[in-house]
Structures are given as C-alpha cells and as structure tokens.
Amino acid sequence: MKTLQEVLQDWEAVIGLEVHTELTTLKTKMFCSCPLEFGAAPNTHTCPVCLGLPGALPVPNKAAIQSIVKAGLATNCQIMRRSMFYRKNYTYPDMPKNFQTTQGPVAFCMGGWLDLEIEGNGCKERVDLPQAKTGSYTTHVGITRIHMEEDAGKMVHIGGAEGRISGATHSLVDYNRAGTPLIELVTEPDLRTPEEARQFVQKLRQIYLALGISDCSMEEGSLRCDGNVSIRRRGETKLGTRSELKNINSFKNLHDALVYEICRQAEVLESGGVIRQETRHYDPTEKRTIVMRVKETADDYRYFPEPDLAPYDLSDEFVDHVRSLMPELPDAKKARFMADYALPSKDAAALAGDPATASFFEQAAADSQYVKGIANIILNDVAAYLNATGMGISAAKFTPAAIAQLAQLQGSDAISSKQAKEVFAILCDEGGMPDDIVQQRGMKQVSDTAAIEAIVSGIMDANPDKVAAYRGGKKGLTGFFVGQTMKAMAGQGNPKLISQVVNKLLEG
Amino acid sequence: MTAIMDMDVAAITSGFAAGDFSATEIADAAFEAIEAADPQVKAFLEYTPEQAYAKANALDAARAAGGVLPPLAAVPVAFKDNMNMLGTHTTCASHMLENYVSPYQATCVSKMIDAGGIPLGKLNMDEFAFGSSTETSAFGYTYNPWDLERVPGGSSGGSAAAVASGMATLTLGSDTGGSIRQPACFCGVVGMKPSYGMVSRYGVVAFGSSLDQVGPFGRSVADVAAAMNALVGHDTLDCTSQDCKVDFLANLDQGVKGMRIGIVPGMTFADGCTPETLAAMHDAVAKLEGLGAQLVDVELPHMDAAMSAYYILGPCEAFSNLSRFDSVRYGHRTPGCHELGQQYEKSRSEGFGQEAKRRIMLGSYLLSAGVYDKYYYPAQQVRTLITRDYREAFERADVIVMPSSPRTAFKFGEISDPVSMHLSDMFTISVNIAGNGSLSMPVGLGRDSGLPVGFQIIGPQFQDEKILRVAAALESCCDFRGRVAPAFAKGGEA
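First to last, the sequence lines map onto chains A and B.
So this note's numbering is basically just the index in the first sequence, starting at one, shifted up by 1.
So this note's numbering is basically just the index in the second sequence, starting at one, shifted up by 7.
Read the hints as simulated data drawn from the structure, not as lab findings.
Any given hint could turn out to be false.
As the list claims (entries may be wrong) - Chain A regions said to be covered by chain B (calculated; three or more residues, Cβ under 8 Å):
| id | region |
| --- | --- |
| 1 | 86-94 |
| 2 | 97-109 |
| 3 | 309-320 |
Just so you know, even glycine gets a beta-carbon here, dropped at the ideal spot from N, CA and C.
Here chain A stands alone, though its shape is the one from the complex (with noise of 0.2 Å):
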C-alpha cells in the first residue's frame, strides 16, 4: 500500500467527523431524574422512564439543554429559538424503548464553524497547499449542526472472543448508561487530512472542558468519534463513495484510522475497484480498518416528533444567560496568554487547552517575573508527571506558588537546571516549598567565578597532559574540565559560568 504522502499526491480526502459527547458533568439523565453516575453497580441507575416501562414519560433536563446552547455558541452555531425532539425508531436491546429520542431537521445548534491554525509537523500532510509549507496553515471548518438525544444502555456479550457478539452465547445489559444526554455535532466535509481530523477533535474536546459540560474521556467513551471519509482525483468536485470508521478511542487511533481507509480506498481505486458505503470497525492492534456491515439501503429509521414532547421553545432571555455563563474559550486564552506573558504561540496554546493547567498556569504566573520558566516547567516538568502518573493537575502535591517559585530559582541561578529536576521531584513526592527544600539540602549553586577558577585550576594542574593536548587542538575535552568541575563541587556549580571558566583557562 503507497503511503499518505503518495497518496495525497493524486487524491484528495474528503472527511466529515460525527462527535458524540456524553453531558458527564449534569447531575441527571435526560429524560428522568436518575443519577449520572460512572462506574455504578449494574442496573442501580434506572427508573420506569430510562427503562422504557409501560406508561412512563420523558421530562426533558433543562440544564443539559443549557450544555448544548454552550456548546453552540462556542462553536460560531445559530441557536435554534424553537426545535423538536424526534423519535428514531430500530429495535435492540440497549434501548429500552425502541426509539432513540434525538432531534429532527432542526437541531438546537445549526450552522455554526471552527478555525483550526495547523502548525509544525501537522502542515506536512497538506501536500496541496503552499502556506502549509511555511509551517502553519489554517482552515476553516463547517459544522451542521449539534442535536441533543440519549444514549443507550451498554451491551455485554458472554461466551464470544473479547466480548465480541459473534460466537457470543448471550448478552447483558445495563441500563445504567440508557438516557445519558448526549449531544453530537456533526461537521461539514470540510476535513482534508487526518491530522485536521484529528486537531478539530482535540480542539473541540478543550472547548467542552472549558465550558464544563463534559469530562470527554475518549477512554471510558463519553467522548465518541466517527469519521466519514472518501477520496476522489485532485481537481474532481463530486464527493466519492465514503465508509464510515467506527471505534475510535483514541486522538491517535482516530488519525491512524483515517490514514489507513484512505491509503485502503486509494488501493482499490487504483487498481480498478470500486468502494462500497459500509461501517468499518478499527482494530487498533491490527492497525487497519475491518468491515462492520455494507450499507445497502439506506437504514429506515421511521422518524417522526416526539408526541411525548412539545416542541422546545428557547427564549432570547434564556439564550442571554447562558452566553452570559461562557468562560472564556481556549483560542481567546491563548491570544491572551501571548499577549499578556509573551509566550510563543504553541506554549500558550498548550496552556490554554486545558482548563485546569491554564488556571495553574496563572495562579503561578502572577506577580512572577518568570513566567517563560513557569510555562516551560508546566510543559515539561509537571505534563510528564501528570501523563506518568495519570493524575489530575488539582490532585498533585505542587501548588501554583511553589512551581513559582522554583522557577524563579532556576532563573535567577540559585540553583542549576539539575538541582532544580531534584527540587521538582521532591516537591511531586512531598510537597512544600522550594526555598526551604533547597535550604535543607544545601543545594544552593555556587556562582562565585573565583572559587570556581581556583577548583578547575586545581583540575588542571592534576591532569597535565589533557591540558597539552587541548591546547594541540583536542578542542572535545572541555567536556572532560567541565565535568570535573562539577563532580568536585558535587553538582552545585553554576554550569554556564564553569563552562565560560574553563574555556578561559584553557585558551591560556
């Protein structure tokens, strides 16, 4: 199979993204008043309504319907003033009542967009266009719209490979999981390569973790991802025959997916086949993508409104004060944080994107004259620390004020860029301050030029014959004195000035 590279030569993608986002941070589900909860004994989460029991009728969560006009308005989205809920009859059994109820013609959100700035790496998949050379291009994507509906209960299969319904002996539900609101946004085919697919889901994800509406965890999948994807020659208009990628859960799987299916469609069209409308599953381990089911009809859902449910009306004062409650979104952060802290674009737009690192980040840059050492501890020290661990910013040991202040140590020179990995360690561990860490260990840096000329004289004078061949041209051992110097002050020497000492001395 050619490479993406190749194939983007002659084809062009064309990819719609359908992103389903489980409301995790609402109290109760959509249509009754039970619990939200992940991770519950089976089956406890469940009334006569969630559970489809004869009689029983939906009562709409208003305050979800207020997580989706969030969601709206942050994504550019018309607010719908009035729409209806619709039910989308199929029958299995994760659904209680055999109908979805989701939204008809008219979402609550519609026709809103994203812009999404591809910087660095990302740019190289753009083969098309010229600006994406220079490193950073940007391109604007469609949304059609974002409807509110409920999930479904969660099937087990028993006795089959891995879970899986074929070879399976029987199935359990849970119910828990049945009403959860969900919202999902579904993109115009404005998508080019799979690394914008892949951007404008992690961009989407940090707006909805500033908004607060969701966790979106691609992991326990209250962040869902399909991709629809197709190609067609460069230069060619109509849209070609898309699949559907299903069972992604991950950023990465998501890109990998889509590199796949489109150097798998690029294949079969090159060699005279023709592509088939069909869901296709990814199996991440395989890396490829495997064929679900082959859609040939179109799957008749029987929709009609929701008799249940009189249309929704949504009034200018209600929209008002839910775009009176917007904090403020991660693009707008970022132009802030690169304005106000002088940061470089891309280290002001990872800060930006999570709502608890951005609030750490500021709490530690106030008042600080460091705030490019704070930033890059943030990015480097504390993301590594967190990704090893697993845990959340809030629940670590570190506070805002002493990462504040070990970068004031570190950029001051009160202690070397070593001292201050150990520094960080202890305060992953324990916790405290900086200053009284370094006290208490004696870590201070000696940046005192003559007692540093004094040891790597000493130093000098002991290895005599490395000096003669230094000075013959064996430019390479200033490494050699440096790392002398420093074992001899036991790693507390100032290694920029020890580094300007010893090639003083052994320039002669």
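Go by the hints and put chain B onto chain A.
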C-alpha cells in the same frame, strides 16, 4: 335508604362523614355488588380487595381521628387496565402483558386514591385500547349492563359497564378517539374526555401519545365533576400536563341562560346516524333552548378529513409506543428461541392480537421512508386545520353539541369489518385531533332500541367547566341522573 352502590358521590361522602356507614361497609357493599353483577357483566380483569380494605381502614381511622376527610372519601373507584396501579397486573387486555405487574403507579391512579377513592380493581378494555367495543380484549368480552347481548362500547368498555351496573361509583378510562365517550354513550353513563393536558398521562400505557387523555365515568355530571377536581393539574412527570385551578363543582348549577350552543348543521343529519339518535339529539337541543340557551350554527369544514388523519396519526404513534413490547425485559416471551430476531418475531406474533398487529403494521408502513411524506405530514396539516376550525367555531359558540355515536349499542359480532367499526367513532375523533374537552351524557332511551342514547358536548380548549355546566343543566331535565342499568339496580327508596 338507597343502597350504597346506587348512591352518587355526594351521598357516599356525606354519609361516610356523618357516620351513616363506614368505609369498610362501603367496600363490603362494593364487593357484594361486584359478586352479584360481574359474573354477567365481566367488567373487571382483576379485583384488588387487599388495597381496597387497606384504604377503607385508613379512611375509617382518619374519620375516627376527626381529621379533615379528602373530597372523594370512601368513594368506590376502579381503573382501566392500561393504568399502572402499584402491585396489580396492568395487562392492557393483552396476552403481551398478561403477567406484567406494575412496579410503579400512574399519577391519575394516585390522585383518585389520595382523594379518598377505595380502589376496587382493574377494568377490561379493547387490547391496548384498539377498538370500539371491548371485543378485542384478549381476556374475553365485557357485556353491556343494559342488554347483555350487546357490547359496552370501547375501548374503555369495562369502565363504563362497571359504573352502569353499580359495581363502582367512579371509574377512569382513557380516550384516544372516543374511548371514554362512546362506551359512556352505550352504557348510559356520563363520561368525560378532558382537554388534552388537563390530566397527567404518566403511568397510563400509551396508545397515541398526542391524542390520549384520561377521564372519569360516573352516573351523574356532578360525580364526574368531583372526579375532575381530583384528577386535573400539572404533573412534573408529564410535561404535556397543564396547571389548572378550576373548581368544576363550583359553577355546575349556573344554568345555560344566554350561553351559545353551537350546532353543525350538516353533521346532525350525517349519514349513518339512526333516526332515534337524531330524534334524541333534537330533543336535547330543544331542552337546552328551553333553558334559555341560544342556538347558533357553526361550521367545522374539515371534519370529513378527521377520520383519515386519525387513522394515520394514531397507528404511527401506536407503532412506536408498542415497540417496547419486545419480550426482552418484560412481557410475553416465546420460549426456546436461540436468536434475537426470532424471539422478537415469535413473541410479538403470539403476544399481540389481530387489531394491535393491524395498527402496528399500518404505523410501521406509514412512517417508512417515502411514505411518511405522503401520509403523516398531510395528516399533521389536517390536524392544524381541524384545530383551527374548532378555535374559530368557539368564537361563535360556548360549546358545540353533536351525537356521541351515530347509534346505540350494537350486538356482539354485529360489526365485523374494521372500517365500519371505526365509523362508530365518527363524532368523537375530531375532538382528540384538536385536543378539546368533551363529554358524553345519556339523554334518554332510544325510541326504537330502548337503549341509552348519548349526547356529546364539546368545549373550547381548557374550558372544560363550561361543558360540565351545560351538561348539568341538561341533566336536570332528562330524568336519567344516577340511573343504574335496570337489571342491576339494587333498589331501595330513592
């Protein structure tokens, strides 16, 4: 003294409050009446003596304690079997739900019991309310107390028959296209379908969600008004239910002087109406005029399309509402199936009766891609037109009157083809389409059949008190108030 089970609500509540009889004695009287009449009438699918006596004991204790008694204290009540009553079977008269026991209670059931009603049991009906004669019940016929060879009407046939035979004082039914008014008409009792949204539908197994409405049966307009007081109001569990602060008993005896009674000229002489029905109709209208009401002609130009719209919208909603009966979590399951599709198919084939299957298949077809636009959508447009017709007609009239049914009760098996059966709802259906309130009351016995003839009074949306006021005035000069079907009246001094 009149036998307890021949009494009206006011006599029972005041007699109980005065200590003339205890709630337990009322329960005894009710079950004695049931024992005497139900073997012939077969109105009940389940008796609930345990709940009845528990409630009676509680009421007796409350009275002994001297507290304020609720408005329907110790009134014997019963419920159509599509209403969930905690711990009872709620079968909808279908094999599909033969063994289904309600784990929760419908709001309307709670309201009646909380208001002091003594719950006697659950009443027969057409399967899932699909029918106009109670003949489609999977558990056998209910017999018309006025003539046991005839149907009680439907779908709330058991509810009407129980009241007409003096086995209950008040019952609840549900009305999707006439299912309260037509059996009320056939059994010679008062039956009211309130405006859509007046009474919570929570816990009532849905047939056509946008058409269904719960309402009471009684042997007098005042009894029905008392039940309305207990039933109406917003329910947080039904977001289509509305707030209502009206006291339906307060204005009952205001009379009709100066009220405008709307008559649809073409309709009164509609094809299919029997001469005795028309005669009774004219007689009732003349009585209203005699009481000082003004008769006005009104037009309902799109009435012809109501039946068609109903038989599109009803099955569409029913198809979807009944799809939950899939044998997976509850309901009839064919044993021995090894594949899900097969289990669905066999269980549903066995569990549902013919009329239910007919409507499910019709709804499934009407909602399918390509067909939906040709039927469902125009039907909704018709609905808008009919609603507008009524709204405009009520600018000229305070209420509109017409027959409840084109004829009196028919014999079992007399109407076998579904379309003719559907026509027996020709005067009631448009009211559900528009969502207005409406009531059927007996105005006398037909001069040819000798059976009760029903008269229908329709009101503007959410002005159901007007309907009851007109009905009370008419009742006062009809000599039918409080009548138990002759074969079942317990006698005693009136």
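Consistency of the hints with the structure:
no.	hint	verdict
1	86-94	holds (count 4)
2	97-109	holds (count 4)
3	309-320	holds (count 3)
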